[in-house]
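Asker: Could you slot chain B onto chain A? The hints should help.
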Amino acid sequence: MSALPSDAAVLAAPPVRRGRTWSRPAFGPALTGGLVVVYLSVIVLIPLGFVVAKSTTGGWSAFWASVHTPDAWSALELTVGLSLVVALVNLVMGTLIAWVLVRDKVPGRQLFDTVIDLPFALPTIVAGLTLLLLYGVQSPIGLNLAYARTGVLVALLFVTLPFVVRTVQPVLLELDRDMEEAAASLGAGPLTIFRRIVLPTIAPAMAAGTALAFARALSEFGSTVLISGNVPRQTQVAAVNIFGQIQSDNVHGAAAVSTVLLVVALIVLVLLNVIQRWVARRD
Amino acid sequence: MRKTVLSAAALGGAAVLALTGCGGSSNGKPSSGGAKVNLALVAYSTPQAAYEKIIAAFQKTPAGKNVTFSQSYGASGDQSRAVAAGQPADVVAFSLAPDMKRLVDANLVASNWDSNQYKGNVTNSVVVIATRKGNPKHLLDWPDLVKPGVQVITPNPFTSGGARWNVMAAYGGTIAEGKTPAQAEAYLGQLFHHVPVQDDSARASLQTFVGGKGDALLSYENDAIFAQQNGQAIDYTVPANTILIQNPVAVTSNSKHPVQAAAFVKFLYTDTAQKIFSDNGYRPVVTADATRTFPQPTGLFTIDKFGGWSTVSTKFFDPASGVLAKIEQGLGVSTSK
Chain A
1 MSALPSDAAV
11 LAAPPVRRGR
21 TWSRPAFGPA
31 LTGGLVVVYL
41 SVIVLIPLGF
51 VVAKSTTGGW
61 SAFWASVHTP
71 DAWSALELTV
81 GLSLVVALVN
91 LVMGTLIAWV
101 LVRDKVPGRQ
111 LFDTVIDLPF
121 ALPTIVAGLT
131 LLLLYGVQSP
141 IGLNLAYART
151 GVLVALLFVT
161 LPFVVRTVQP
171 VLLELDRDME
181 EAAASLGAGP
191 LTIFRRIVLP
201 TIAPAMAAGT
211 ALAFARALSE
221 FGSTVLISGN
231 VPRQTQVAAV
241 NIFGQIQSDN
251 VHGAAAVSTV
261 LLVVALIVLV
271 LLNVIQRWVA
281 RRD
Chain B
1001 MRKTVLSAAA
1011 LGGAAVLALT
1021 GCGGSSNGKP
1031 SSGGAKVNLA
1041 LVAYSTPQAA
1051 YEKIIAAFQK
1061 TPAGKNVTFS
1071 QSYGASGDQS
1081 RAVAAGQPAD
1091 VVAFSLAPDM
1101 KRLVDANLVA
1111 SNWDSNQYKG
1121 NVTNSVVVIA
1131 TRKGNPKHLL
1141 DWPDLVKPGV
1151 QVITPNPFTS
1161 GGARWNVMAA
1171 YGGTIAEGKT
1181 PAQAEAYLGQ
1191 LFHHVPVQDD
1201 SARASLQTFV
1211 GGKGDALLSY
1221 ENDAIFAQQN
1231 GQAIDYTVPA
1241 NTILIQNPVA
1251 VTSNSKHPVQ
1261 AAAFVKFLYT
1271 DTAQKIFSDN
1281 GYRPVVTADA
1291 TRTFPQPTGL
1301 FTIDKFGGWS
1311 TVSTKFFDPA
1321 SGVLAKIEQG
1331 LGVSTSK
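For the protein sequence lines, the chains are A and B, in the order given.
So for the first sequence, my numbering puts the first residue at 1; every next one is plus one.
So for the second sequence, my numbering puts the first residue at 1001; every next one is plus one.
Looking at chain A on its own, in the form it has when it is part of the complex:
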C-alpha cells in the first residue's frame, strides 16, 4: 500500500526490467532516477535548503534570537497548537466523511463527493473573506467567530478538509467486504469488525491524510490573514508573522521562523512514517 506520495515516487522506479526492449542495462533507472532527483531538487530541495541556509547565516544564537522574540514564539505556539487540533478533527471527521461517502447510501452523496475538493480550488484569501462575511461581525446567522482563535480554527478546517477524505476513500473502496461478512458470520459485532478488520487497513491512509492536513495548516496564510485579526501574541499565526518580517526587510527572521515550521512538519512526517512501518511489520 502506498502510504505517502514521496514513498510511492521513490518505489515507482522498478529495479527489475522485463522484456527485451531494454537492451542497455543501467540506462533506464539512471535516467528515471536522475530525472526524479533533478526535479525534486529544482522544485523542492534547493528552495527549502536556501530557506534553511538563510536562517542560519548569523549562527545559532542569531537564529534563536529571531525565533524566540515574544511575538514570533507565540505565533509559532499558536500555529502548532491549532494545527494539531485541526489534524485531530480531520482524522475523525475526514474518516467519517470517507466512510459515509463509500458505505452509506445517504441521499445526495454524489454531490458531497464532488464538493469535497472545492476548498482546494478556491483561493484561500476568498475562503477567508467568505468566512469573515458569514461568521464575522455582521454575520447573517448571528455567529461571530472572527478576530479570535476560533475563527482561525474554522478557516484551517475549511482549507484542510479534503486531505483525510481523499486519502482514506480509495482504500475503503478497495476494501474486501468478504472478510467483514466472514467476521460477522462468526459472531463479531460491528465495532469489533471495524477495529480488527477495517481500521488496520485504512490506518496508514488516515495517518498520511492527517499528516498532510497538519503540514498544510502550519503554513496557511491566505484564509487566516483576514479572519484572525493578526494581533501579535493573541491571534497572529506564524505565516502572518513571517509576512510581517518580510515586509520589514527582516529576511533572516522570516527564514528562521519558516525553518522552525519546516522542522516541526518534518518531525511529524517522519514520526508518522515510522509508525506506519511499525504497523505494517506487525501485520
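Warning: the hint list may mix true and false statements.
Unchecked claim - To give a feel for the contact side, a few chain A residues facing chain B, derived at Cβ under 8 Å: (1) S61; (2) D71; (3) Q110; (4) T114; (5) L118; (6) T201; (7) V225; (8) P232; (9) R233; (10) V240; (11) F243; (12) G244; (13) N250; (14) G253.
Claimed, not checked - Far from chain B by the CB rule (all over 10 Å, computed), these chain A residues: (15) G49; (16) A65; (17) T69; (18) V89; (19) P107; (20) L133; (21) L145; (22) A146; (23) P170; (24) A183; (25) L199; (26) S219; (27) L226.
To be verified - Straight line, CA to CA, 30 Å or less: simulated DSSO-like cross-link-like pairs of lysine-lysine: (28) K1266/B <-> K1065/B; (29) K1179/B <-> K54/A; (30) K1065/B <-> K1036/B; (31) K1119/B <-> K1147/B; (32) K1266/B <-> K1179/B; (33) K54/A <-> K1326/B.
Simulated from the structure, these hints should not be mistaken for laboratory data.
Even glycine gets a Cβ: it sits at the ideal position worked out from N, Cα and C.
Answerer: Then chain B, alone, in the frame of chain A:
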C-alpha cells in the same frame, strides 16, 4: 547506485545553470526600433484608478502619443522589492520614501530623485480619523482614541509600510499637544491596546471597518474619500495635528526609454494630472484649481520633524529593537517566559 547519484547531480547542476541563464537574459526586453515605446509603470495599489485616467490623458498629448504602458499595482513594499529583485520598470510610484530608498541603494534610482521642487513627491494626503456616520462616540482627536471602550482599526505597521504614516501621525499629534517623546511613545502603547484587528494592509483595514468592526479607523484621507465615493456610511475628521503623507515617484536609472519616462513623470505635475489625483482624493502637490477643497490642519507636520524616514525607520520600526516592535511584543498575555 553511485553512478546514478553522480549523473543525477550533474544533470541537476546543468539544469540550475540553464535556469539562471534564462532568468538573466529574459530580463532585457528588446528595445523597439519602431515609433511605439512601452513604459512599465510599477506602482502601489491605491492610485490605480487615477493612474489609468492620467495615462489616457498623457497619451493624448504630443509627448505621449506613441507611448504604451504596462502597469503593475500592488502593496508598496512588495512592488519595491520586486523591482529591486529585477522586475523591469521605467517609472516607479510608492506610498512612502523608504520604498524608493531601497531602489536607490540597489542603484536602480538616481540618488537625486528627490531634487525637484516637490522633493520627488507627486501626491500628498493626511492621516485622518474615520468614524461611523455621525461620529456617535465623538472621536475627533488623538486622546479620544484611547478612551475606555473605544476600538481603533489600523493595519499592522510591520506588514503594511503605509500604516507607518498612521503611527507617526499619532506620535507627532501627541507631541504637538505638549507631551514629551516618552509620553508620546507611551500613548502609542496605549493606542495599540485599543486595536482589536491589525490587518495586513490599509485596504484590508478599510474592509474590516466598513464590515462593522471598531469605532474608529486610522486612514489616509484619500482612502476615506474613496470609501465615501463608494457609498460607505462613514465620516472622517482631520485632526488639528496630523502628518502630511507624501507619495514619491521616480524614473528608474536602467529605463530603456528615459526620455519618454521623464516626460510621463513631468506630465504627472501638470494641472490635468494633478486634478485627476485630486478627483481621486489625493491632495495635489501643485496648487491647481482642484475640484475639491481640502481642510488645512493647523498643526500639519511632515516626517522631517522626526529626522526623516531613515531615522524613523530605525527608531520606531526596527523589527527587533524599534519602539513599535516593543509595543507589539507587549500585547496580549503579560509574560511568555
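Asker: Confirm or reject each hint.
Answerer: These are the hints, each one checked on the structure:
{"no.": "1", "hint": "S61", "in the structure": "13 Å, violated"}
{"no.": "2", "hint": "D71", "in the structure": "5 Å, holds"}
{"no.": "3", "hint": "Q110", "in the structure": "36 Å, violated"}
{"no.": "4", "hint": "T114", "in the structure": "31 Å, violated"}
{"no.": "5", "hint": "L118", "in the structure": "24 Å, violated"}
{"no.": "6", "hint": "T201", "in the structure": "34 Å, violated"}
{"no.": "7", "hint": "V225", "in the structure": "5 Å, holds"}
{"no.": "8", "hint": "P232", "in the structure": "5 Å, holds"}
{"no.": "9", "hint": "R233", "in the structure": "3 Å, holds"}
{"no.": "10", "hint": "V240", "in the structure": "7 Å, holds"}
{"no.": "11", "hint": "F243", "in the structure": "6 Å, holds"}
{"no.": "12", "hint": "G244", "in the structure": "4 Å, holds"}
{"no.": "13", "hint": "N250", "in the structure": "4 Å, holds"}
{"no.": "14", "hint": "G253", "in the structure": "6 Å, holds"}
{"no.": "15", "hint": "G49", "in the structure": "12 Å, holds"}
{"no.": "16", "hint": "A65", "in the structure": "8 Å, violated"}
{"no.": "17", "hint": "T69", "in the structure": "6 Å, violated"}
{"no.": "18", "hint": "V89", "in the structure": "25 Å, holds"}
{"no.": "19", "hint": "P107", "in the structure": "37 Å, holds"}
{"no.": "20", "hint": "L133", "in the structure": "8 Å, violated"}
{"no.": "21", "hint": "L145", "in the structure": "13 Å, holds"}
{"no.": "22", "hint": "A146", "in the structure": "8 Å, violated"}
{"no.": "23", "hint": "P170", "in the structure": "31 Å, holds"}
{"no.": "24", "hint": "A183", "in the structure": "45 Å, holds"}
{"no.": "25", "hint": "L199", "in the structure": "38 Å, holds"}
{"no.": "26", "hint": "S219", "in the structure": "16 Å, holds"}
{"no.": "27", "hint": "L226", "in the structure": "7 Å, violated"}
{"no.": "28", "hint": "K1266/B <-> K1065/B", "in the structure": "15 Å, holds"}
{"no.": "29", "hint": "K1179/B <-> K54/A", "in the structure": "43 Å, violated"}
{"no.": "30", "hint": "K1065/B <-> K1036/B", "in the structure": "9 Å, holds"}
{"no.": "31", "hint": "K1119/B <-> K1147/B", "in the structure": "38 Å, violated"}
{"no.": "32", "hint": "K1266/B <-> K1179/B", "in the structure": "42 Å, violated"}
{"no.": "33", "hint": "K54/A <-> K1326/B", "in the structure": "25 Å, holds"}
Violated hints, listed in ascending order, are 1, 3, 4, 5, 6, 16, 17, 20, 22, 27, 29, 31, 32; each of the other numbered hints is respected by the structure.
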